[in-house]
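Novice: Listed below, chain by chain, are the residues.
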Amino acid sequence: MSYELNQLYDSVITGDNKTSHAITEQALAEGIDPMKLVNDHMMPAMDEVGRRFEMNEYYVPELLLSARAMKASMALIRPLMIQFDMEPIGRVVAGTVKGDLHDIGKNLVAAMLEGGGFEVFDLGTDVAPEQFVEAVREHNADIVALSALLTTTMPSMKLTIDAFTAAGIRDQVKVFVGGAPVNQEFADEIGADAYRDNAVSAVAHAKQCMGVST
Amino acid sequence: MDFGSTAVTGIHASCVEQLREHYDLENRPVKICEPYQMLGEVEEDLAEVMGIDTVGVVPRNTLFGFPNENYKEFRTPWGQVVLVSEHFNTEQNPNGDVYIYPEGDMTVPASGQMPSNGFFFDTIVRQPEIDEDNLDPEDNLEEFGLISEEDLKHYRDELDRLEGTDRAIVATLGGMAFGDIALVPAPFLKHPKGIRDIAEWYISTAARQNYIHDVFSRQCDHALQNLEKLKEVLGDRIDVVFLCGTDFGTQASTFCSPQTFIDLWAPYYRQVNDWIHRNTNWKTFKHSCGAVETFMENFINVGFDIINPVQCSAAGMEPHQLKEKYGDRLVFWGGGIDTQKTMPFGTPEEVRRQVLERCEIFSKDGGYVFDSIHNLQALSPVENMVAMIDAVREFNGEN
Chain A
1 MSYELNQLYD SVITGDNKTS HAITEQALAE GIDPMKLVND HMMPAMDEVG
51 RRFEMNEYYV PELLLSARAM KASMALIRPL MIQFDMEPIG RVVAGTVKGD
101 LHDIGKNLVA AMLEGGGFEV FDLGTDVAPE QFVEAVREHN ADIVALSALL
151 TTTMPSMKLT IDAFTAAGIR DQVKVFVGGA PVNQEFADEI GADAYRDNAV
201 SAVAHAKQCM GVST
Chain B
1 MDFGSTAVTG IHASCVEQLR EHYDLENRPV KICEPYQMLG EVEEDLAEVM
51 GIDTVGVVPR NTLFGFPNEN YKEFRTPWGQ VVLVSEHFNT EQNPNGDVYI
101 YPEGDMTVPA SGQMPSNGFF FDTIVRQPEI DEDNLDPEDN LEEFGLISEE
151 DLKHYRDELD RLEGTDRAIV ATLGGMAFGD IALVPAPFLK HPKGIRDIAE
201 WYISTAARQN YIHDVFSRQC DHALQNLEKL KEVLGDRIDV VFLCGTDFGT
251 QASTFCSPQT FIDLWAPYYR QVNDWIHRNT NWKTFKHSCG AVETFMENFI
301 NVGFDIINPV QCSAAGMEPH QLKEKYGDRL VFWGGGIDTQ KTMPFGTPEE
351 VRRQVLERCE IFSKDGGYVF DSIHNLQALS PVENMVAMID AVREFNGEN
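Residue numbers (my numbering), protein chains in the order written: chain A, 1 to 214; chain B, 1 to 399.
So that you can see chain A by itself, here it is in the shape it has in the complex:
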């Protein structure tokens, strides 16, 4: 089956991961520039998904579907970007902090950031401060995205930021925090750079931080 390239945009919006994967595979086989797929089709699609979410046309299940479709494409594109030294908008280290095993919110933010053109290193859940420090150094991250769902694990966010300071890398990264019990006041208190209450606005702010207009 042959696809039109603009179906990539639709497949991400409707969350059709089989089609997004197939179109990407076909397009790459035809020699289309992978960055063109990202910039001209997938990023606009994820922008539209974000818009629908903000307008209450899309909810978490639709975001998850679109993120999955986008990831199916990125799985093919990412190795080529690395192979040909194509620069992402920025590099993000993401994870749920120590003691916390919840990852839906973190996964959504990671996927939306990836769909927004960032390279994301997802460390998973229950991530210790030293693991974040190591990952920031290893990947030369621009942004660290910390997630917590529990009041009992919110202190791990502060411990992680303190670990960046102790390691002398606090000024190298912007620290984003998010999760149900987290708010702006808490973010200010622990010295985070940004708090956002949903994945869509987190991506918009991450782009701003990298000097990309949204």
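In short, the hints are calculated from the structure, not lab data.
The beta carbon of each residue, even a glycine, is placed where N, CA and C say it ideally should be.
Any given hint might turn out to be false.
[As the list claims (entries may be wrong)] Counterexamples of contact, computed for chain B against chain A with all Cβ distances above 10 Å: (1) Asp97; (2) Val108; (3) Asp122; (4) Asp133; (5) Ser148; (6) Glu150; (7) Arg167; (8) Ala207; (9) Gly303; (10) Arg329; (11) Lys341; (12) Leu356; (13) Glu357; (14) Lys364.
[What the hints assert, rightly or not] Calculated lysine-lysine pairs in the BS3-like style (CA-CA distance at most 30 Å, straight line): (15) Lys18(A) x Lys341(B); (16) Lys341(B) x Lys174(A); (17) Lys158(A) x Lys341(B); (18) Lys283(B) x Lys231(B); (19) Lys364(B) x Lys71(A); (20) Lys364(B) x Lys341(B); (21) Lys18(A) x Lys174(A).
Based on these hints, arrange chain B on the given structure of chain A.
Specialist: Relative to the frame of chain A, chain B by itself:
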């Protein structure tokens, strides 16, 4: 006031210990009545001193599929010695993470994990590979069978135990929750089949609605049959039934549109509530965290009498407006104190002020049961918990 009657109005074991100590009650290990969230049993002496007006009857098996019986000691990762069921079998990895097993069977993969610095378990998702073309709703129905004689006997025994209590009896009826995300991974099953991954389930509510309808409709058939039998046992000896803990709200929004709720959930909720209201005098209790103001009208329309936990910290959940718009048709059971901020991080005076304010708003013209917004969580300072209890007394003119 309710604390301890259900798994969504409970108190973490560490907090129960602190409260027992504060009120100078007999020094003995706290019993874990709900192992998933490590809730401590609110025993009669504590209930009395706190001024609690409810008592709970819960299903025979816990969320890990075993009954609470023949208690043994267990040292928690936070160092507290508690009493747990003899089936509460755990293993610790070198990092100190604790793993727990379905039905206490350590020969099958663990179904729950508590991090070394955690205070309760989270489910371990055991998702078999999904064959999109051969999905069978029966696979998601293993836990929603017909109620056993053993389970019915358990309810009967529990009610006999509570005979003569002057507290309102809140019974949790298993199998009536449609798509409760805490139950989807089935931590009580040894080998769950079907859709068990949390994200995959949410995706299914948008992309596999026919499958979800099939699951809900067969589950509903069983629920209605079970209600017939439960009614024979419970009769008019109980006051409230906790039916469903499916969360529809996030901190800022809902998990689906009101229309999806109407299409996918409402038909089944309505059948269960209608049966109960036609055949019993029980009041039905719905739990949903989050920003569900836009769902309140639907909760009422499908026949729920009570809403919990009334998460006033979520978007659109302003207490005055909730009471004004829905207070004559819905009982608010919760909303008494914010457990995301005020209770764990506020001062006793901030707790007192919030409790007094919430009582003032929600109890106007009746229809209010005081409760914190979801369980009292670990690391809640004891002085704040006591300030909450004292403030309820102050409001009731008991001080």
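Novice: Does Lys18(A) pair with Lys174(A) here, judged by a C-alpha cut-off of 30 Å?
Specialist: violated, 35 Å
Novice: Does Val108(B) sit more than 10 Å from chain A, CB to CB?
Specialist: Nearest chain A Cβ is 20 Å from Val108(B), so the label holds.
Novice: Is the nearest CB of chain A more than 10 Å from the CB of Arg329(B)?
Specialist: holds, 25 Å
Novice: CA of Lys283(B) to CA of Lys231(B), is that 30 Å or under?
Specialist: The given pair, whose Cα atoms are some 13 Å apart, holds under the 30 Å limit.
Novice: Quick one: work out the minimum CB distance from Arg167(B) to chain A and report holds if it exceeds 10 Å, violated otherwise.
Specialist: Given a closest Cβ separation of 29 Å, the condition holds.
Novice: So is Leu356(B) really clear of chain A, every C-beta pair being over 10 Å apart?
Specialist: Label holds. Min Cβ-Cβ 22 Å, cutoff 10 Å.
Novice: If you draw a straight line from the CA of Lys341(B) to the CA of Lys174(A), is it 30 Å or shorter?
Specialist: holds, 25 Å
Novice: Regarding the pair Lys364(B) and Lys341(B), is the alpha-carbon distance no greater than 30 Å?
Specialist: holds, 25 Å
Novice: Compare the distance between the alpha carbons of Lys364(B) and Lys71(A) with 30 Å, and conclude whether the hinted pair is satisfied.
Specialist: violated, 51 Å
Novice: Going by Cβ atoms, does Asp122(B) stay more than 10 Å from chain A at every point?
Specialist: violated, 4 Å
Novice: At 10 Å, judged by beta carbons, does Ala207(B) keep clear of chain A as stated?
Specialist: About 6 Å separates Ala207(B) from the closest Cβ of chain A, which leaves it inside 10 Å; violated.
Novice: Evaluate the condition: distance from the CB of Ser148(B) to the nearest CB of chain A exceeds 10 Å.
Specialist: Fine: 32 Å to the nearest Cβ keeps Ser148(B) off the interface.
Of the hints listed earlier, those the structure fails to meet are numbers 1, 3, 8, 11, 15, 19 and 21, in rising order.
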